[in-house]
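Given next are the chains, with one letter for each unit.
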Amino acid sequence: MKKAVFIYIAAVLLTVCLIIVLTFFGTANITLLETYKILSMKIFGFYKSEAAGMGTKETIIWRVRFPRTLLAFVCGGALSVCGGVYQAVFKNPMADPFVLGVSSGAAFGATIGIVLRYPANFLGMNMISWLAFLGSLFAILIVYNIAKVGRQTHLTSLLLTGTALSQLLTAIISIAMMVSGDDMKRIYYWTLGSFNARGWSHIATVLPYCAVGIAIVAAHTRELDIIMLGDDAAVRMGVESEKIKRIMLVSTAFIMSACVSVSGIIGFVGLVAPHVVRLFTGPMHSRLLPAAFLAGGCLLSICDTIARSAIAAEIPVGIVTAIIGAPFFIYLLRTRRHEVL
Amino acid sequence: MAEVLKYDSVSIEYDGKKVLEGFDLSIEEGEFISLIGPNGSGKSTLINAFLGLVPLASGAIYLMGSDNSMINAKSRAQVAAVVPQTFSTPFSFSVHDIVMMGRNPFMKRFASHTEDDLRIVDDALEQTGTLELRERKITTLSGGERQRVVIAAALAQSPRILILDEPTNHLDLNHSLQIMQLAKWLNVSKGITVLAVLHDINAAARFSDRICVLHGGKIAAAGKVSDVVSEDILGDVYDIDLIVRNNRITDSLEIVPLRNRQREKKLANKRVHVVCGGGSGEMFLEELRSNGYIISCGVLNESDSDAVCCNSLGIEFIEERPYSPISEGKKEDNLALMKSCEAIVLTDVPFGTGNMANLSSIWQICEESDLPVYIVAAEGRDFVGGAADDIIDKLINLKGAMSCSRQELLALIKSGRI
Numbered sequence: 011m012k013k014a015v016f017i018y019i020a021a022v023l024l025t026v027c028l029i030i031v032l033t034f035f036g037t038a039n040i041t042l043l044e045t046y047k048i049l050s051m052k053i054f055g056f057y058k059s060e061a062a063g064m065g066t067k068e069t070i071i072w073r074v075r076f077p078r079t080l081l082a083f084v085c086g087g088a089l090s091v092c093g094g095v096y097q098a099v100f101k102n103p104m105a106d107p108f109v110l111g112v113s114s115g116a117a118f119g120a121t122i123g124i125v126l127r128y129p130a131n132f133l134g135m136n137m138i139s140w141l142a143f144l145g146s147l148f149a150i151l152i153v154y155n156i157a158k159v160g161r162q163t164h165l166t167s168l169l170l171t172g173t174a175l176s177q178l179l180t181a182i183i184s185i186a187m188m189v190s191g192d193d194m195k196r197i198y199y200w201t202l203g204s205f206n207a208r209g210w211s212h213i214a215t216v217l218p219y220c221a222v223g224i225a226i227v228a229a230h231t232r233e234l235d236i237i238m239l240g241d242d243a244a245v246r247m248g249v250e251s252e253k254i255k256r257i258m259l260v261s262t263a264f265i266m267s268a269c270v271s272v273s274g275i276i277g278f279v280g281l282v283a284p285h286v287v288r289l290f291t292g293p294m295h296s297r298l299l300p301a302a303f304l305a306g307g308c309l310l311s312i313c314d315t316i317a318r319s320a321i322a323a324e325i326p327v328g329i330v331t332a333i334i335g336a337p338f339f340i341y342l343l344r345t346r347r348h349e350v351l
Numbered sequence: 017m018a019e020v021l022k023y024d025s026v027s028i029e030y031d032g033k034k035v036l037e038g039f040d041l042s043i044e045e046g047e048f049i050s051l052i053g054p055n056g057s058g059k060s061t062l063i064n065a066f067l068g069l070v071p072l073a074s075g076a077i078y079l080m081g082s083d084n085s086m087i088n089a090k091s092r093a094q095v096a097a098v099v100p101q102t103f104s105t106p107f108s109f110s111v112h113d114i115v116m117m118g119r120n121p122f123m124k125r126f127a128s129h130t131e132d133d134l135r136i137v138d139d140a141l142e143q144t145g146t147l148e149l150r151e152r153k154i155t156t157l158s159g160g161e162r163q164r165v166v167i168a169a170a171l172a173q174s175p176r177i178l179i180l181d182e183p184t185n186h187l188d189l190n191h192s193l194q195i196m197q198l199a200k201w202l203n204v205s206k207g208i209t210v211l212a213v214l215h216d217i218n219a220a221a222r223f224s225d226r227i228c229v230l231h232g233g234k235i236a237a238a239g240k241v242s243d244v245v246s247e248d249i250l251g252d253v254y255d256i257d258l259i260v261r262n263n264r265i266t267d268s269l270e271i272v273p274l275r276n277r278q279r280e281k282k283l284a285n286k287r288v289h290v291v292c293g294g295g296s297g298e299m300f301l302e303e304l305r306s307n308g309y310i311i312s313c314g315v316l317n318e319s320d321s322d323a324v325c326c327n328s329l330g331i332e333f334i335e336e337r338p339y340s341p342i343s344e345g346k347k348e349d350n351l352a353l354m355k356s357c358e359a360i361v362l363t364d365v366p367f368g369t370g371n372m373a374n375l376s377s378i379w380q381i382c383e384e385s386d387l388p389v390y391i392v393a394a395e396g397r398d399f400v401g402g403a404a405d406d407i408i409d410k411l412i413n414l415k416g417a418m419s420c421s422r423q424e425l426l427a428l429i430k431s432g433r434i
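For the protein sequence lines, the chains are A and B, in the order given. Residue numbers are given in this note's numbering: position 239 of the first sequence equals residue 249, and the series is strictly consecutive. Residue numbers are given in this note's numbering: position 18 of the second sequence equals residue 34, and the series is strictly consecutive.
Don't read these hints as lab results, they were simulated from the structure. Check the hints yourself; a few may be wrong.
Mimicking DSBU-like on lysine-lysine, the simulated pairs with C-alpha atoms at most 30 Å apart in a straight line are [stated by the list, open to error]: (1) B/K22 / A/K253; (2) A/K253 / B/K124; (3) A/K101 / B/K153; (4) B/K124 / A/K101; (5) A/K253 / B/K34; (6) A/K101 / B/K22; (7) B/K124 / A/K13.
Not everything, but these chain A residues come out facing chain B in the computed CB check (under 10 Å) [said to hold, decoys possible]: (8) V31; (9) K101; (10) P293.
Here chain A is said to cover these stretches of chain B; the calculated rule only asks that three of the stretch's residues, wherever they fall, bring their Cβ under 8 Å from a Cβ of chain A [as the list claims (entries may be wrong)]: (11) 101 to 112; (12) 120 to 128.
For each residue, glycine too, the CB sits at the ideal point set by N, CA and C.
Use the sequences and the hints to build the structure in full.
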């Protein structure tokens, strides 16, 4: 037990270092030491005497790169937790928000929001985010109910339903793009996913929803373990599996839509991160989910750094994750039979 | 004694078809009750109904006196643990993790397991002999090991009642016996009430206090093992011919299934007398009977295994007191029986002073008539200084009796050529 705690503390420290290093990457000429000093100054109030000479650099680090990296980290972690939850709820290692069509549902809702240009705000989330939430909830409930054959979800029907729904929603989004003209680029970037020009305000939008959603998930880790053994096993061990599943699907839709509303659709993080992590932590969610959060966060912030610094122009981060994630997904499909999860 | 579980005229329907009708069962604390019955008789449905997985069409189930439909899954799991037929998962939980999940009904949200939980889990692992597997992955275990782990998880629930749904279905003899003995031990030593759905009637007869037989969704019989395990009841329910006998080694009733009942069988309808003893006749008696011969037998000593066989097959025979030579009176009775027959079968029974009268009776009959005699050939059967071999030789050489092997005789019986 003590060993596990030590490993988690080490992982958190490594993650902090990684975020600092990732913040350092970029086109503007700022050294790693300067990055470290600016962040220390802003967060802990150190190195105040050197502040004068760093005006522009401070803006770049503190206003642009750091919040963006942090946002990518939070979104990646949240997506990864959602992926882990879906894999338990569907008792299926292939489940992830993107494959299940949840991301497309959110994008569909957001597209409607963008096209309608409805300016209302509610509980800190704008109309776009709320429609994204409804869209993702709608998608996950459809997929869940169609893919559930008898008492279990089948891999093929799950993948097919998710894919079919994704295709349908993407088609509708495309129509919306064509008729909307002005908003086309905005919607297009949405569907590819990007953290370009995201800042502190976006973190403020996402964080409360992720925190609440993840807290609800964290309160149910034991039930998730048991649900993984099958619905009948869950009932035998005193878990109302249908109720817990509904709670999980709604809370993850909540997390998903908050993330998607700031980043657009980002695929595969929720699939890859929990998978890799499970090899080390085993399937128990009290160990798996915290590690999955860290791993997903690191993965997406690395992908975002690649997205903004690999070539002169910005690559949408959804493209980077797809380039990494899709081959991994195919690898999983091929090795599924022999895999020890 | 307190009533732990009660089914009160429970009816269950699937798609408008009744699978259970008016099922009543009351289980007292500390009992071991088995549910048996053919496939599709509704045994497992009763367990699913208890878990709330199947709705009741009418009636009610009571757990510790409260209406089961009003009890949530968590409270139910604190009292009753259910062991399924099979269990598998693609996710590699450790054995300890799985068994610890049995403590879930008692754990508060966010709370981690206590010292008590750990101790109970260790006890459950120890009682099921899975302690050495505790760090192993569930996915790497054999069927028997996995089933014991599932029982350990059920025991971790500290149940008042343990419900087993065909727990030995996919296990070999060794593991089946292990699981049944474990269930019995938990019942006797730990006072856990056990309700077991079983396919193995002999296991049910050996381990239970009471048995309930389901047939076509209704109770065909229920009560003490000796009341329920009978040729009539089980024969009708399973539509087979069987015999019930007392296994003195396990001191329990056991059944020997003989054959599926055949409705339109051509019956030989011929009277045959069998001279046997010491179990040498069992196989022929059963084969003759199944081919529709009308059989008589004798003289046999009381408690001779062939006499026991005649009793359970309902065959008429002349009985002498235990370990006594055949008296004149019994010999005469036997001769009378032989005379009414159309053939005589002599098995490979040995002859000593006690039963020599049987052989001389055959000779006597053959001298008076030309009744066909079938003799199973055997070496070293004469314990009367050559007199027995002498008669048998004369029967074969002078009276045309047919000497054959056991297999040849069985073939003759099967083809109805006796």
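In ascending order, which of the hints set out earlier in this document are inconsistent with the structure?
6 and 8
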